[in-house]
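Student: One-letter residues, chain by chain:
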Amino acid sequence: MSHVPKQLQYTKDHEWVRRDDDGTFVVGITDHAQQQLGELVYVELPEPGRTLKPGDALAVVESTKAASDVYAPIAGSVLGVNPALASEPEHVNTDPYGAGWLVRLQPAAAGALPELLDAAAYAALLDAAH
Amino acid sequence: MGHQTPLYVEHVAAGARIVEFGGWDMPLHYGSALAEHQAVRQSCGIFDVSHMTVVDVMGPDATAFLGRLLANDIGKLAQPGQGLYSCMLNDAGGVVDDLIAYSTADDRYRLVVNAATRTQDLAWLARVADRDDVVLRHRDDLLMLAVQGPAARRLAAPLLPDGVGAAVLALQPFESVYQEDLFVARTGYTGEDGIEVVLPIPAGIDLWKALTVAGAVRCGLGARDTLRLEAALNLYGQDMDAGTSPLTSALAWTVAFDPAERQFRGRAALEAQKAAGITEKLTGLILEDRGIMRHGQRVLTPAGEGVITSGGFSPTMDRSIALARVPVAAEGLCQVEIRSALRAARIVRPPFVRHGRVLVE
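Here the protein sequences come in this chain order: R and D. The first sequence begins at 1 in the numbering used here and counts up by one. The second sequence begins at 1001 in the numbering used here and counts up by one.
Next comes chain R alone, as it looks inside the complex (with noise of 0.2 angstroms):
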């Protein structure tokens, strides 16, 4: 079973959203979709400052398998991205919610979230599929 923590946000595609003090948001996958994915040999981070509108593929994450693309939660600005997935992807499997985390965004706008769901909805979601 995989784990859903209670004070993130999430979109239907598996990604998390993190809202930090300073109003940026930090995006990574869920422990569902890394569970799904495999173990992780190479992750493509987008360069700092590329703005994105929601559904824009932010990322790349390639297990042994396949690749699949991480896409933007909400419109915003690349702030920096996690330096360690360089040469150590596997932080993203080992602790996805932490250590795995892969982009920080500035939002375009203050105001309005796109909606993003809660953890019990996003829970909701992972036992429908199943």
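For the record, the hints were derived by calculation from the structure and aren't laboratory data. Certain hints may be false.
To be verified - With a straight-line Cα cutoff of 25 angstroms, these simulated SDA-like cross-link-like pairs (lysine to any residue) come out:
no.	chain 1	residue 1	chain 2	residue 2
1	R	Lys65	D	Pro1259
2	R	Lys65	D	Asp1318
3	R	Lys65	D	Gly1023
4	R	Lys65	D	Ala1126
5	D	Lys1076	D	Val1348
6	R	Lys65	D	Lys1076
7	D	Lys1076	D	Ala1126
8	R	Lys65	D	Tyr1189
9	R	Lys65	D	Val1360
10	D	Lys1209	D	Val1348
11	R	Lys65	D	Ser1340
12	R	Lys65	D	Ala1123
13	R	Lys53	D	Leu1235
14	R	Lys65	D	Val1348
15	R	Lys65	D	Glu1020
16	R	Lys65	D	Gly1296
Unchecked claim - Here are the in silico distance ranges between beta carbons for each label pair:
no.	chain 1	residue 1	chain 2	residue 2	range
17	R	Ala108	D	Ala1123	52 to 62 angstroms
18	D	Glu1288	R	Pro83	16 to 26 angstroms
19	R	Leu125	D	Ala1166	57 to 67 angstroms
20	D	Glu1288	R	Glu47	16 to 26 angstroms
Just so you know, even glycine gets a beta-carbon here, dropped at the ideal spot from N, CA and C.
Add chain D to chain R, keeping to what the hints say.
Tutor: Okay, now just chain D, sitting in the frame of chain R:
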């Protein structure tokens, strides 16, 4: 749900992630494909390969039949116990499948062909056999295990019946021993030493369990693919198929044009290809940039364009490697189009890894 091998319950109990492959529900990995890969390179891994198709060929015309069926020369098998890698070709010179043919007795052979191609392979065998006096027996009553790695034979030998264990330690590559219902060949698909064992189902389940107790690591299709890619062993359906020639698939060494009078299926087409000139080759690529090369990506070389037939991550080299079909003259630096970006790569002579050692710069 696909076919299941007799070991399916064992795989699930061992925590396997199951995937569909060629109509079969097979283990992808048992937790870590990377750890399974390393076990085979460093000690011993075991694979359930019961989805492979075993066909016994027997009868007075068996040798003549295989002489027409196979692009390699069955006459090279001087005595029972020897084995031969070969393609069988269609009349256009395309690869119907690749296989290993083992001589098991006078006028008797065992063929091991691929899982995903079973139906068309069996149909092709029957068609080429035509009016030959041969019996083709599809052995779906047997189980097949691959025990692979530098420690494989040492680990397996004591678990085999008296006589067979000692014989296994003495086998040369591609040789086999066949006693009662137990068949053991020194072959594999990993680039390491090892054996493939074909035996009745109950004995096979017992051997699988005994090997795991002895310390062999269960391995799934994920490790099987990274191991064979490092060893530059072709995968049927990806690196070659019914539309590609062995002469452009790094398999020219498996085509026996001598003796000149042996009329094997596809011979005329291959001779015409040779006369017209071979324009492509299957070779190796190493990615110099970051990223992972994958099947189907374009390769741009100074000599023209090519395509990746198998690409992926090499756990041993910690970078991406690939097999690619490119113009014959292509060498040195090239580019690969990965997700619409051009990445620097280099053409190298495969294999990449054999017997635990990296063989390319």
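Student: All the hints need checking, so say for each whether the structure fits it.
Tutor: Taking the hints in turn, this is what the structure says about them:
no.: 1; hint: Lys65(R) x Pro1259(D); verdict: 43 angstroms, violated
no.: 2; hint: Lys65(R) x Asp1318(D); verdict: 15 angstroms, holds
no.: 3; hint: Lys65(R) x Gly1023(D); verdict: 18 angstroms, holds
no.: 4; hint: Lys65(R) x Ala1126(D); verdict: 36 angstroms, violated
no.: 5; hint: Lys1076(D) x Val1348(D); verdict: 31 angstroms, violated
no.: 6; hint: Lys65(R) x Lys1076(D); verdict: 38 angstroms, violated
no.: 7; hint: Lys1076(D) x Ala1126(D); verdict: 23 angstroms, holds
no.: 8; hint: Lys65(R) x Tyr1189(D); verdict: 18 angstroms, holds
no.: 9; hint: Lys65(R) x Val1360(D); verdict: 23 angstroms, holds
no.: 10; hint: Lys1209(D) x Val1348(D); verdict: 40 angstroms, violated
no.: 11; hint: Lys65(R) x Ser1340(D); verdict: 20 angstroms, holds
no.: 12; hint: Lys65(R) x Ala1123(D); verdict: 32 angstroms, violated
no.: 13; hint: Lys53(R) x Leu1235(D); verdict: 40 angstroms, violated
no.: 14; hint: Lys65(R) x Val1348(D); verdict: 23 angstroms, holds
no.: 15; hint: Lys65(R) x Glu1020(D); verdict: 13 angstroms, holds
no.: 16; hint: Lys65(R) x Gly1296(D); verdict: 14 angstroms, holds
no.: 17; hint: Ala108(R) x Ala1123(D): 52 to 62 angstroms; verdict: 60 angstroms, holds
no.: 18; hint: Glu1288(D) x Pro83(R): 16 to 26 angstroms; verdict: 21 angstroms, holds
no.: 19; hint: Leu125(R) x Ala1166(D): 57 to 67 angstroms; verdict: 58 angstroms, holds
no.: 20; hint: Glu1288(D) x Glu47(R): 16 to 26 angstroms; verdict: 20 angstroms, holds
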